[in-house]
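Trainee: Taken in sequence, the protein lines are chains A and B.
Just so you know, we're using the working numbering here: the first sequence kicks off at 1 and counts up by one.
Just so you know, we're using the working numbering here: the second sequence kicks off at 1 and counts up by one.
In case anyone wonders, no lab produced these hints; they're calculated from the structure.
All C-beta atoms, glycine included, are put in the ideal place defined by N, C-alpha and C.
Since no wrong hints were added, every one of them can be taken at face value.
Each computed SDA-like pair below joins lysine to any residue, with the alpha-carbon atoms no more than 20 Å apart: (1) A/Lys-36 to B/Gly-167; (2) A/Lys-35 to B/Arg-166; (3) A/Lys-143 to A/Ser-76; (4) A/Lys-70 to B/Tyr-134; (5) A/Lys-143 to A/Ile-41; (6) A/Lys-88 to A/Ser-63; (7) A/Lys-36 to B/Ala-103; (8) A/Lys-36 to B/Tyr-134; (9) A/Lys-52 to A/Ala-117; (10) A/Lys-36 to B/Gln-142; (11) A/Lys-10 to B/Pro-156; (12) A/Lys-70 to B/Ile-144; (13) A/Lys-126 to A/Asp-111; (14) B/Lys-172 to A/Ser-76; (15) B/Lys-23 to B/Asn-40.
Below, a sample of chain B positions facing chain A; criterion: calculated Cβ distance under 8 Å: (16) Ser-106; (17) Pro-108; (18) Glu-112; (19) Met-113; (20) Glu-117; (21) Asn-119; (22) Gly-123; (23) Ser-135; (24) Lys-136; (25) Gly-139; (26) Phe-160; (27) Gly-164.
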Amino acid sequence: MIQKENSMIKKRYSSFIFFLISISIALIWFYLDIKKSQDLILKFALEYPVIKIEEHINGQVTSIYQHDPKEFRIMSYNRDITINDTLKRRLNVDNELYTGSSLGEILSVGDSLHKQADSTSIAVFKIRGADTLKYRFPLLNEKLHPLKK
Amino acid sequence: MAFNHLVHDEPEGKSFKIAASYKKLALALRYSPFALGSSNPFFMAEAIYFDMGAGFVGAEYDGGYFLVLAGEDAGALIPYSEHGGGGAPEASIGVELGRVDLADKSIPFKTEMLFGERNKFWGGAVFVGGAVSYSKPSGGVQLISTSINIGISINPFGGFSAGGNRGLIDPKRK
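Based on the sequences and whatever the hints tell you, model everything.
Mentor: Structure follows, in structure tokens:
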């Protein structure tokens with residue numbers, strides 16, 4: 001009887017130890033994953049700074065960075081872009097002023113962008129055959145709040 | 001708004017009533033520290049969720065609903081499915097109730113942030129457990145979900161279990 005009880009206690013004890021080991025491994029994995037993610041967030045924030053109110057931008061979108069969806073959830077309100085092959089910027093915007101469309105629905109490589117210094121919005125021009133479509137997006141800062149003068 | 005079609009697909013009269021009552025509920029849950037009696041575990045959450053599902057050695061499949069508490073879609077009840085693969089020494093079925101928070105509360109919440117890849121880990125004893133999920137909407141935002149789980153878990157190590165997985169949360173479209 002006592003032997004049986006002892007073996008039960010041993011089994012419980014080893015289960016609990018296993019639980020502690022598993023949860024420690026899971027916690028370490030989780031911590032390292034969060035740290036890696038934060039490094040990645042910082043890397044892209046430095047590489048693609050958000051457009052500032054004082055900036056004047058006039059050029060063509062020559063590339064849009066395709067984030068791995070396993071690294072970032074792809075949101076419709078922002079894109080990391082290169083303008084004229086040289087200027088890297090993060091476009092954080094609200095929905096289009098007149099159509100309500102999101103940036104993700106509208107922006108593609110080859111579109112032209114225009115923003116005047118001190119303007120709180122950016123214009124996207126798309127050439128469709130003989131027509132040029134114009135969209136205007138209110139700009140947001142890095143915390144997704146509207147740019148203010 | 002990107003998720004309007006998910007919110008307003010119901011016949012108009014019905015959808016308006018449901019949306020109005022859900023909106024009241026959402027605002028009460030988000031802004032009242034004592035909305036659920038002595039305390040409110042969902043105070044200042046961006047969204048809450050309820051789902052049920054099953055797991056087997058780290059693989060997981062759940063279906064449930066988000067109730068959006070913040071942002072333009074506050075009050076929207078959005079069905080979703082969640083699936084993932086990882087490692088855990090157990091087979092389980094259960095229900096999960098949790099809250100979603102932005103790591104930086106100064107960022108305005110957008111409903112589309114709820115969907116996409118996420119990493120999750122959990123631990124539990126006997127019938128009750130807890131889980132934490134972490135995800136990164138693009139643009140430097142970090143989202144954290146915390147939940148309690150109630151269910152049945154079978155594993156070779158007595159009543160204790162823990163595990164983690166990578167997975168995807170998708171809105172269920174009608």
